[in-house]
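As they're listed, the protein sequences go chains Z and L.
Quick note on the working numbering: the first sequence kicks off at 1 and runs consecutively.
Quick note on the working numbering: the second sequence kicks off at 246 and runs consecutively.
Be aware that a few hints might be false.
Stated by the list, open to error - Just so you have them, the derived chain L footprint on chain Z, three or more residues with Cβ under 8 Å:
| hint | segment |
| --- | --- |
| 1 | 63–69 |
| 2 | 234–245 |
Stated by the list, open to error - Which chain L residues face chain Z? A few, computed with CB under 10 Å, are given here:
| hint | residue |
| --- | --- |
| 3 | 263 |
| 4 | 304 |
| 5 | 319 |
| 6 | 442 |
| 7 | 443 |
| 8 | 445 |
Everything labelled a hint here was simulated from the structure, so no lab data went into it.
Ideal Cβ positions, reconstructed from N, Cα and C, are used throughout, including at glycine.
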Amino acid sequence: MLFAHGFGCDQNMWRFIAPEFENDYRIVLFDYVGSGHSDLGSYDASRYSSLEGYAQDVLDVIHALDLKEVIFVGHSVSSMIGVLAANQEAERFSDLILIGPSPRYINDGSYVGGFERKDIEGLFEMMDRNFIGWANFLAPAIMKNADRPELGEELTESFCSTDPVIARRFAEATFLADNRDDLLQVKVPSLILQCSDDMVAPEQVGHYLKEKLPESTLRIMKATGHCPHMSHPGETVELIRDYLG
Amino acid sequence: MHADLLEHAPCGFVSFSDDGKIGYVNATLSARLGYEASELCGRHLETIFAIGSRIFYQTHFFPLVKLHGRAQEVFLLLRTKDGESVGMLCNAVRHERETGPATDCVFMEVQERRKFEDALLEARQTADRAVKKLEEQAVQLDLQHQELLAQSEELQTLNEDLEAQREAADEANQAKSNFLAVMSHELRTPLNAIGGYVQLLEMGVHGPVSEAQVETLNRIGRNQKHLLRLINDVLNLARIEAGRIDYDIRPVMMTEVVGSVLPMVEPQLERKELSLSSRIPDGLAVRADVEKLQQILLNLLTNAIKFTPANGSIEIDAGIRSKSEVFVKVIDTGIGIPQDMLEKVFEPFTQVEGKHQRSAEGSGLGLAISRDLARGMGGDLVATRGIEKGSIFELTLPHA
Chain Z
1 MLFAHGFGCD QNMWRFIAPE FENDYRIVLF DYVGSGHSDL GSYDASRYSS
51 LEGYAQDVLD VIHALDLKEV IFVGHSVSSM IGVLAANQEA ERFSDLILIG
101 PSPRYINDGS YVGGFERKDI EGLFEMMDRN FIGWANFLAP AIMKNADRPE
151 LGEELTESFC STDPVIARRF AEATFLADNR DDLLQVKVPS LILQCSDDMV
201 APEQVGHYLK EKLPESTLRI MKATGHCPHM SHPGETVELI RDYLG
Chain L
246 MHADLLEHAP CGFVSFSDDG KIGYVNATLS ARLGYEASEL CGRHLETIFA
296 IGSRIFYQTH FFPLVKLHGR AQEVFLLLRT KDGESVGMLC NAVRHERETG
346 PATDCVFMEV QERRKFEDAL LEARQTADRA VKKLEEQAVQ LDLQHQELLA
396 QSEELQTLNE DLEAQREAAD EANQAKSNFL AVMSHELRTP LNAIGGYVQL
446 LEMGVHGPVS EAQVETLNRI GRNQKHLLRL INDVLNLARI EAGRIDYDIR
496 PVMMTEVVGS VLPMVEPQLE RKELSLSSRI PDGLAVRADV EKLQQILLNL
546 LTNAIKFTPA NGSIEIDAGI RSKSEVFVKV IDTGIGIPQD MLEKVFEPFT
596 QVEGKHQRSA EGSGLGLAIS RDLARGMGGD LVATRGIEKG SIFELTLPHA
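Isolated chain Z (complex conformation) (with noise of 0.2 Å):
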């Protein structure tokens, strides 16, 4: 099983799930680059423009430890990226595990992503004046940290993140993207998980999931809010066991 983050996080998120799966699944955890203490040298700003970029690492890993039949489980914005690995390299894949995804934040006519582009920038401006505290803040050279790595620390600490400028771009990246038509590629099986009360991905959203993505489960949660696996992580569990049989 391959854990994949979303958005604001590092890999520690999946503590409360990951062990449940040890005694059955070969399990790996990563860091995108930029977030936890992943190595910032290796960021490139025009790969990580957009989630392809993240789809990469996602493959890379799959490469380095050469996995097969990986059951992807991913949150947020990572079920996107997870579907975009799988439609390049879907031989790779068994299942897509989708936490919380959205193909699109955006409303688009009758489409209900949740949110409208003023409501984005809130967020943007929320990591903006969040992120202001740090040295580096207000110059976009990423590689500034790599000399000081006890800020990049302090931010891991505070916010997951090792350097604001690229959790910033990784925001536009992520709630500015439109996956939608890339659901209907989607070869591998897919279960996914719909939190009940979700203000950043609404239950509409999940509906829409269901019915572009080829052989999808989709379960509707308890849980409430948009990290269920870690406010609920023993429905999760269950839900995960139950799809997986």
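Starting from the known structure of chain Z, arrange chain L on it as the hints suggest.
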């Protein structure tokens, strides 16, 4: 007393469960947000958050308190019941209680600090925009650079093609000149033999010749000489074009050169009853190969005589054009050259067509050779029309 302190302390206080449900909110915060405390209890924390803060809560704040047990100095935009935004700083700690885990937060409104932050953010956004613009310009410049490179490559290819064509043309010209030189030589040899044998016959070496035979032999001789002159001209031109002419450049007195040429044309002048005058300043000298200069002058004078009707006049006018240049004009009162032929007369095998054409005489190479020789000595030769009639050929040469 402690309960009262918590209720009315100069900061907001909220306690909420992992589900985000508000368990307790103090009077200070609920009043600031325009609610009764009872209205907020049991509602989701997101009720008091602006939308950006709601997402930030889900993606950053909640994972932080859940995983690290605390959050410090997190900025959140709260929303009052009336929809007004209030910026607050939040510290939070997560506790295990009998009722389950709960997160306790204090909120402190930031106004002055926000102004400072606003200025910082605006400065950064301005900088970002400038950087973005610069990046766009860099991309544009790069594109232009690529285009220029492509054009430059194209031009270079074109240039190489032209160079190759030029070389091919040069080679062809060289081959032509070589061919002419060889052919002229091959033709001259038998012609000289013809001339020799005609002379022997005329001298009666092979027995007496009648008057009619003498006349025929004369005719053969004249034509042999004409043909020989023609071939010599061709050979000269070919040599010039093949670059095989050596110039022996030295100071030459103009009066001396003209003086050496005049006797050669005097018989013709007399025959056509033409007058010739020359105006050459004393001591006027040019840098030239004396033989080549003689050849040019002879050619110009012969032409002038040829194309000037009987009783006409020919004039040689020389002088200093500039510090470095001397001119020599040969002016006649002949038939003149049409305007559009002034340049063409210097092309090989060209003669002015018309009723005065005397194509039987001359090869049409004289002027071409003369100009090449003039240029070979660092000068030039051009033709203009006379003021009333006739032609002016102007030779320029470096001043000695």
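Hint check:
Counting residues of the segment 63–69 of chain Z whose CB lies closer than 8 Å to any CB of chain L gives 0, so the stated coverage by that chain is violated, three being the minimum. Three residues within the 8 Å Cβ limit are the bar, and the segment 234–245 of chain Z against chain L gives 0, so the coverage statement is violated. For residue 263 of chain L, the interface hint holds, since its Cβ comes within 10 Å of a Cβ in chain Z; the closest pair sits about 5 Å apart. For residue 304 of chain L, the shortest C-beta to C-beta distance to chain Z is roughly 4 Å, which falls under 10 Å, so the interface hint holds.
Satisfaction of the interface hint for residue 319 of chain L is found here, the shortest Cβ-Cβ separation to chain Z being roughly 6 Å, below the 10 Å cut-off. Contact between residue 442 of chain L and chain Z, as hinted, is not supported at the beta carbon level, the nearest pair being about 94 Å apart and thus beyond 10 Å. The interface hint given for residue 443 of chain L is broken, as the beta carbon of that residue sits about 94 Å from the closest beta carbon of chain Z, more than 10 Å. Annotation: interface hint on residue 445 of chain L violated; nearest CB of chain Z at approximately 98 Å, more than 10 Å.
Checked against the numbered hints given earlier, the structure breaks hints 1, 2, 6, 7 and 8 and satisfies all the rest.
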